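*Asks:* These are the residues of each chain, in order.
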Amino acid sequence: MEAESAAGGAPSTRRWRHALEDRRVLAPLLIAPAVIFIVLVVGLPFGWAIYLSLTDAIGGSLSGNWVGFDNFTNAWSDDNFQKALRNTLIFTFASQIIVVIGAAILSAFLVRDFRGRWIVRFLIVLPWAAPVVLSTITWLWILDSLYSVLNWTLDRLHLDNALVWLFDVTRFEEGAQVPLQWLGRPNLALAAITLVHAWRILPFAVVIFIAGRASIPNEVEDASKIDGATGLKKLWYVDLPLQLPIALVAVLFGIVFTAGDFAVVYILTAGGPFNSTQVLPTWAFQIGINSGSLGEGAAISLYLFPLLVVVTVAMLFFARRAQVS
Amino acid sequence: MTWRQKGLTYLVVGPFAIVLAFPFYLALVTMFRTDADLAIQTHTPYVVNDAEGKLHWDFWNDATTEHVGFLFNDTNYPQWLLNTLLVGAAVVAITLLLAMPAGYALARLAGGWGQSAGIGIFLVYLIPPTLLFLPLSRIVTNLDLKDSLWALILVYPSFTIPFATWLLMGFFKTIPQELEDAALVDGCSRLKALYRIVLPISLPGILTVVIFTFSLCVNEFIYAFTFISSSEQRTVSAGIPNDLIRGDVFFWQSLLAATLIPSIPLALLYNAFLDRFIKGFTGGAFR
Numbered sequence: 414m415e416a417e418s419a420a421g422g423a424p425s426t427r428r429w430r431h432a433l434e435d436r437r438v439l440a441p442l443l444i445a446p447a448v449i450f451i452v453l454v455v456g457l458p459f460g461w462a463i464y465l466s467l468t469d470a471i472g473g474s475l476s477g478n479w480v481g482f483d484n485f486t487n488a489w490s491d492d493n494f495q496k497a498l499r500n501t502l503i504f505t506f507a508s509q510i511i512v513v514i515g516a517a518i519l520s521a522f523l524v525r526d527f528r529g530r531w532i533v534r535f536l537i538v539l540p541w542a543a544p545v546v547l548s549t550i551t552w553l554w555i556l557d558s559l560y561s562v563l564n565w566t567l568d569r570l571h572l573d574n575a576l577v578w579l580f581d582v583t584r585f586e587e588g589a590q591v592p593l594q595w596l597g598r599p600n601l602a603l604a605a606i607t608l609v610h611a612w613r614i615l616p617f618a619v620v621i622f623i624a625g626r627a628s629i630p631n632e633v634e635d636a637s638k639i640d641g642a643t644g645l646k647k648l649w650y651v652d653l654p655l656q657l658p659i660a661l662v663a664v665l666f667g668i669v670f671t672a673g674d675f676a677v678v679y680i681l682t683a684g685g686p687f688n689s690t691q692v693l694p695t696w697a698f699q700i701g702i703n704s705g706s707l708g709e710g711a712a713i714s715l716y717l718f719p720l721l722v723v724v725t726v727a728m729l730f731f732a733r734r735a736q737v738s
Numbered sequence: 369m370t371w372r373q374k375g376l377t378y379l380v381v382g383p384f385a386i387v388l389a390f391p392f393y394l395a396l397v398t399m400f401r402t403d404a405d406l407a408i409q410t411h412t413p414y415v416v417n418d419a420e421g422k423l424h425w426d427f428w429n430d431a432t433t434e435h436v437g438f439l440f441n442d443t444n445y446p447q448w449l450l451n452t453l454l455v456g457a458a459v460v461a462i463t464l465l466l467a468m469p470a471g472y473a474l475a476r477l478a479g480g481w482g483q484s485a486g487i488g489i490f491l492v493y494l495i496p497p498t499l500l501f502l503p504l505s506r507i508v509t510n511l512d513l514k515d516s517l518w519a520l521i522l523v524y525p526s527f528t529i530p531f532a533t534w535l536l537m538g539f540f541k542t543i544p545q546e547l548e549d550a551a552l553v554d555g556c557s558r559l560k561a562l563y564r565i566v567l568p569i570s571l572p573g574i575l576t577v578v579i580f581t582f583s584l585c586v587n588e589f590i591y592a593f594t595f596i597s598s599s600e601q602r603t604v605s606a607g608i609p610n611d612l613i614r615g616d617v618f619f620w621q622s623l624l625a626a627t628l629i630p631s632i633p634l635a636l637l638y639n640a641f642l643d644r645f646i647k648g649f650t651g652g653a654f655r
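Protein chains in written order, with our numbering: chain A, 414 to 738; chain B, 369 to 655.
These aren't lab readings, by the way, just hints derived from the structure by calculation. Please note that the accuracy of each hint is not assured.
[To be verified] Sample of chain B residues facing chain A (criterion: CB under 8 Å; computed from the structure):
id	residue
1	L388
2	T398
3	T402
4	Q447
5	S516
6	W518
7	I521
8	P525
9	S526
10	I565
11	L567
12	I569
[Said to hold, decoys possible] Sample of chain A residues lacking proximity to chain B, with all beta carbon distances greater than 10 Å (derived):
id	residue
13	A507
14	R525
15	V538
16	S548
17	W554
18	L572
19	V620
20	S714
Bear in mind that the values here come from a model prediction, so they are computed numbers and not experimental data. Yeah, the Cβ is synthetic: ideal placement off N, Cα and C, and Gly gets one too.
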């Protein structure tokens, strides 16, 4: 008796130790701190955002008078909101189209074994590894109104006027010819922001595509060889169907990262010229922080939520399919 | 591979690599250009020229480091780097403390509902900060944390914990169950087995989590931008666009140096840990 209590401590501690060996006790105990933290720092503010969106709260306060769905309808009827919503969709989907095409091509070649693969991979991963704000500032220099390296090059290739025609922009300001204003003309700015998004998401998609390729069992490769599937036929009937679920997961991530992004637009144009490049996050910032209409700002950012829910459900669906195949 | 296949590979991969890395090359070159060279629009923007716009192969003769010096001596840039390191280190510590037990429990102890719960936690990572920054900015103000790095240390784990839990869950799953079982048979308690057996083996995975969590902290912009308004308290992502861009006056060379310096070490770390990251990231979802 005495020896036992000396080894195991007081009976209550022993019971505790015993309980800690039980999965049903230990698992929730280990998960709880993380979950509680997430509820406090994500769940609580999220609920608060919904509450704020239904009130007339202004900057400096945490509450306001209940106004129902007025914020949502007011926001919706604003032209700038419509533009922001449209732009969010354009940037998100146009950039993902570029990303998918680029990643499909690039990943097909990157899985090959060639000399200099390490340095190529380093260069390709750079846009993803660099902090987004910082690399976007570099783009600010590339697209500068006076010193744009892009314009310098287009000018020497005599392609500048083709772009003027293509994007239907003017090169004249007060009668004088100026360089192409990449961030100062709505059409060009939309194109530029789309390209920067595609540029920064592409490496991530390439990496996921490569992982997807690697997860296709070798037997499939062998079997298709035996069956005589080569070239385009193999691509269409074997590679594409197998990679589709994984490719879609990469795209869905890309959508989430682009739709919710604030930094790229804010740094490049801050929503200008004349609010023509606003997206939902920058417009929510403009209304919620700069104009101090906390309630309406919260409502604007919540318009993102349905898109995210759709994307997430799709992602879970395809992730499961990828698992099965 | 035949030489034709090889040629085609380089022909495709080469241009992609050049386009993707081009902004970084341009930043590297431009940060050394003199004001006299930069100010004239006809000068070739791809290289360092002399004041007349001529390119000499004697780089250091025409280049200048005065703008990099300006960045370190006359701006708060060193302070921002330090702040970023501090916030990153603190957030990484908090994240590991909470995500390691959770990831382990989800991978090993939870049984059938572990995978679903893991996906549930991961989905939180997909909620963009743009949805939460308005209420959080009010909460931070009310807690009297505005203008303090503590605000960021408190809020950043909101996206790093879901991300890290998911990755760690993937890594813990790859560790053979037998190792732990052997320890348990030998009389180890579960927590001791986790500490003595699982953690040492998972060290590469944990290191991967450290690097990518840290990188998420460096990347974050909207919280750092709205919660903090004094220059000395900023992180690099918020400090550079706020303080080094003043109206129409751009300190371009300093600005580009400032963007390149944190990017390069991060990119090297990414490359070193990329394969492990992908394994953990897709580990829960594929296969």
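*Asks:* Against the earlier hints, flag every one the structure doesn't satisfy and list their numbers going up.
*Replies:* Violated hints: 3, 4, 5, 6, 7, 10, 11, 12, 14, 15, 16, 17, 19 and 20; rest satisfied.
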